[in-house]
Amino acid sequence: MRSFFVSLSSEFYKSRKTLAFWSAVLLPVLICVLISWGFVAKADKLVNDPAPLLWFRYISAIIGVMGVLLLPVLVIYNTYSITNMEYKGDTWKSLFSLPLPKLSIYASKYLYIVFLTLLTMALFSLLIIATGHGIEFLKPQLKFSAYNPNELIFKFFTKLFLSSIGIISIQFLMNLMWNDFLKPFGIGFVLTILGIITSQLKWDYVNFFPYAYPNLTVQNIMQSKGGIDKIAIFDQAIYNSLICGVAVFIIGYFMVARKTIK
Amino acid sequence: MENSYAIETVGLTYNFGAQTVVKDLSLQVPKGSIYGFLGPNGAGKTTTIKILLNLLKSPADQVFIFGKEINSNRIASLKRMGALVEQPAIYGHLTGKENLVNRCLLLGIRKSKCDEMLELVGLKDAANKKAGKYSLGMKQRLGIALALVSDPELLLLDEPTNGLDPNGIIEIRNLMIELTAKHNKTILVSSHLLAEIERTATHVGIINKGELLFQGTISELQDLSKVSVKIETNDQAKAVQLLASTGVEIVQHDEHSIAIAFKNREDMGHINTLLVQHGLTVYSLAKERKDLEHLFLDITSKN
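Going down the list, the protein sequences come from chains A and B.
In this text, residue positions in the first sequence follow the numbering used here: the first is 1152, and each later residue adds one.
In this text, residue positions in the second sequence follow the numbering used here: the first is 577, and each later residue adds one.
Hints were generated in silico from the structure; no laboratory data involved.
Here the structure is a predicted model, which means the values were calculated and not measured.
Glycine included, C-beta positions come from ideal geometry on N, C-alpha and C.
There could be a bad hint or two in this list.
Stated by the list, open to error - Non-contacting residues of chain B with respect to chain A, defined by C-beta distances greater than 10 Å in every case (computed):
{"id": "1", "residue": "Asn579"}
{"id": "2", "residue": "Lys599"}
{"id": "3", "residue": "Lys607"}
{"id": "4", "residue": "Glu674"}
{"id": "5", "residue": "Ser801"}
{"id": "6", "residue": "Asn840"}
As the list claims (entries may be wrong) - Dumping the calculated DMTMM-like pairs for lysine to aspartate or glutamate here, alpha-carbon to alpha-carbon at most 25 Å:
{"id": "7", "chain 1": "B", "residue 1": "Lys644", "chain 2": "B", "residue 2": "Glu584"}
{"id": "8", "chain 1": "B", "residue 1": "Lys633", "chain 2": "A", "residue 2": "Glu1302"}
{"id": "9", "chain 1": "B", "residue 1": "Lys706", "chain 2": "A", "residue 2": "Asp1241"}
{"id": "10", "chain 1": "B", "residue 1": "Lys709", "chain 2": "A", "residue 2": "Asp1241"}
{"id": "11", "chain 1": "A", "residue 1": "Lys1244", "chain 2": "B", "residue 2": "Asp637"}
{"id": "12", "chain 1": "B", "residue 1": "Lys706", "chain 2": "B", "residue 2": "Asp741"}
{"id": "13", "chain 1": "A", "residue 1": "Lys1253", "chain 2": "B", "residue 2": "Asp637"}
{"id": "14", "chain 1": "B", "residue 1": "Lys709", "chain 2": "A", "residue 2": "Asp1331"}
{"id": "15", "chain 1": "B", "residue 1": "Lys802", "chain 2": "B", "residue 2": "Asp830"}
{"id": "16", "chain 1": "A", "residue 1": "Lys1168", "chain 2": "B", "residue 2": "Asp701"}
Said to hold, decoys possible - Facing chain A, according to a computed beta carbon distance under 10 Å, are these residues of chain B, among others:
{"id": "17", "residue": "Lys626"}
{"id": "18", "residue": "Ala652"}
{"id": "19", "residue": "Ser653"}
{"id": "20", "residue": "Lys655"}
{"id": "21", "residue": "Met657"}
{"id": "22", "residue": "Leu660"}
{"id": "23", "residue": "Ile666"}
{"id": "24", "residue": "Tyr667"}
{"id": "25", "residue": "Leu681"}
{"id": "26", "residue": "Ala707"}
{"id": "27", "residue": "Gly719"}
{"id": "28", "residue": "Ser726"}
{"id": "29", "residue": "Ile746"}
The task is simple: from the sequences and hints, build the whole structure.
Have a look at this one:
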């Protein structure tokens, strides 16, 4: 277990100055600032909305931008960036010649990418609450403080986070297979577009297509219209995302264990 | 009980697909030695080093590190080893010091060790410079520092002087001698140039096309080299003809010199008299031992 935690802290140490880490942090800041600015600018049109609706409009504006395209792209980029660090410096060989179990090296890298996604989601949650109240500070007629959105936000972003686990695993596997930017990024991007199309068209088998899960989650959230009771964190798409995540993670480990460092 | 070898391979064979890259290799690297692992480019040196680090999986019971089979003792074996394989593996976006701190973090070593290592390899002044901006020689030094930071008993250095200037080469040479003499380390150092390691190595293994062609101490290697007599005269063609007609074994000849097999000092005197009596002017006549570099070329060209 010690080797897993030292590997995980090493992943943080190595990546803390990279775009992958900072994009996970700055993306929520940028999106929340931009959308809250839009709310401040259009405050007059929203003044009659009750607080729950106001929050739902605000959250769904952010989730709409994030979930449909940005979340899959962010996951694809982060996965590429974290694995590419080892290809770029030719450091796979030094990592695997250290007295550390291969499982620790593999799992820590995977979980660090999961952690970066979780960090983005957590920052979104905190920043939405902070900027929501910030809007009210600038435009007191928008009564954000009249409703507590914490549970709603927690449910939405937990769901969105879980929906990305399948994509993380598949992208991670592709990046282990290919020392290349175009293949994993290009295939991931095409699959994301297919995910958007299939979920919009409500394809019969869309629940078995991991790249559609963030989109399905966004649709699910939009259909709830802010009703907390109408939103369940776990639905078929989330279960499938987790099953896909675990299955591909295990396949990836056996690939790493047999990996030939030429 | 541990045997006296830091590394022992027993009939090691390794294939990349249908191609055999290491064939029936039986290395024996004694503890405390500097073992020069020599061979031309593509001979199988790096593949062997990767097998010794378990980066490439060897068949069972063919590779032993300090007497223990590597596949079933991977972590215990790697704990006792440090390595520099091919070009140094470094993170270009981190500074030299951060590369070492990261390694310390992974191995549970105190971070103050990083400064000692940077000082040792002469990178103290460049410690906070991005490693991606280092010259090839500096990267090589950092690679050596990374291999040494855990204070391993066994060091595997794959062409460690690549890209180093003459001063750097001498420093690495002295460092290897110091590590074995004062700190009782064992070093396996690969190279394609015998001249580069003949001054440091205590033992030599010569590999070509995946096969071990020679293994022994440096003096055993030197013993393989036959002594010859090199002759220079004012008429080489006539000298060759004369020597051949008297039954002298000519090893080789060209327009500048003739090499004949050495028998004894008296024989050298007779040959000199013979040449002079037939009107030739002898410019030089001297005993010569083939240098190790030529010997190395001879050995590797045979298979």
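Hint by hint, here is what the structure shows:
The beta carbon of B:Asn579 is kept farther than 10 Å from every beta carbon of chain A, the shortest such distance being approximately 21 Å. Even its closest Cβ contact with chain A, about 18 Å, leaves B:Lys599 beyond 10 Å, as expected for a residue assigned away from the interface. Chain A leaves B:Lys607 outside its interface by the beta-carbon criterion, the shortest separation being 20 Å against a cut-off of 10 Å. Not every C-beta of chain A lies more than 10 Å from that of B:Glu674, the closest at about 8 Å, which undercuts listing it as non-interface.
With a least CB separation of 36 Å from chain A, B:Ser801 remains clear of the 10 Å interface cut-off, as annotated. Separation of B:Asn840 from chain A is adequate, the least Cβ-Cβ distance of about 54 Å exceeding the 10 Å criterion. Restraint check: the Cα-Cα separation between B:Lys644 and B:Glu584 comes to about 9 Å, which is no more than 25 Å; the hinted pair holds. Annotation: proposed proximity of B:Lys633 to A:Glu1302 is violated, straight-line Cα distance about 51 Å (limit 25 Å).
Between the alpha carbons of B:Lys706 and A:Asp1241 the distance comes to roughly 16 Å, so the proposed pair stays at or under 25 Å and holds. Restraint check: the Cα-Cα separation between B:Lys709 and A:Asp1241 comes to about 16 Å, which is no more than 25 Å; the hinted pair holds. Distance check on the hinted pair: A:Lys1244 and B:Asp637 sit about 23 Å apart at the alpha-carbon level, within 25 Å; holds. For the given pair, B:Lys706 sits about 21 Å from B:Asp741 by alpha-carbon distance, which is consistent with the 25 Å threshold.
Annotation: proposed proximity of A:Lys1253 to B:Asp637 holds, straight-line Cα distance about 21 Å (limit 25 Å). The straight-line distance between the Cα atoms of B:Lys709 and A:Asp1331 is roughly 23 Å, inside the 25 Å bound, and the hint therefore holds. Simply put, B:Lys802 and B:Asp830 have alpha-carbon atoms about 19 Å apart, close enough for the 25 Å limit, and the pair holds. For the hint pairing A:Lys1168 with B:Asp701, the CA-to-CA distance comes to about 22 Å; that is within 25 Å, so the pair holds.
Using the Cβ-Cβ criterion of 10 Å, the hint placing B:Lys626 at the interface with chain A is satisfied: the shortest such distance is roughly 6 Å. For the restraint placing B:Ala652 at the interface with chain A, the shortest Cβ-Cβ distance is roughly 8 Å, inside the 10 Å limit, so the hint holds. Nearest Cβ of chain A to the Cβ of B:Ser653: about 8 Å, under the 10 Å cut. The hint holds. The closest approach between the C-beta of B:Lys655 and any C-beta of chain A is roughly 4 Å, which is under the 10 Å cut-off, so the hint is satisfied.
Checking B:Met657 against chain A: minimum C-beta separation of about 8 Å stays under 10 Å; hint holds. Hint status for B:Leu660 relative to chain A: holds, with the closest Cβ pair at about 9 Å, below 10 Å. Because the smallest distance between the Cβ of B:Ile666 and any Cβ of chain A comes to about 5 Å, under 10 Å, the interface hint for this residue holds. Residue-level restraint check for B:Tyr667 holds (minimum Cβ-Cβ distance to chain A is 5 Å; threshold 10 Å).
The restraint placing B:Leu681 at the interface with chain A holds, with a minimum CB-CB distance near 5 Å, inside the 10 Å limit. The closest approach between the C-beta of B:Ala707 and any C-beta of chain A is roughly 8 Å, which is under the 10 Å cut-off, so the hint is satisfied. Given hint, B:Gly719 at the interface with chain A, holds; its Cβ is 9 Å from that chain's nearest Cβ, closer than 10 Å. Checking B:Ser726 against chain A by beta carbon gives a least distance of about 8 Å; that is within 10 Å, so the hint holds.
Against a cut-off of 10 Å between C-beta atoms, the interface hint on B:Ile746 is violated, since the closest Cβ of chain A lies about 26 Å away.
Hints 4, 8 and 29 from the earlier list are contradicted by this structure; the remaining hints agree with it.
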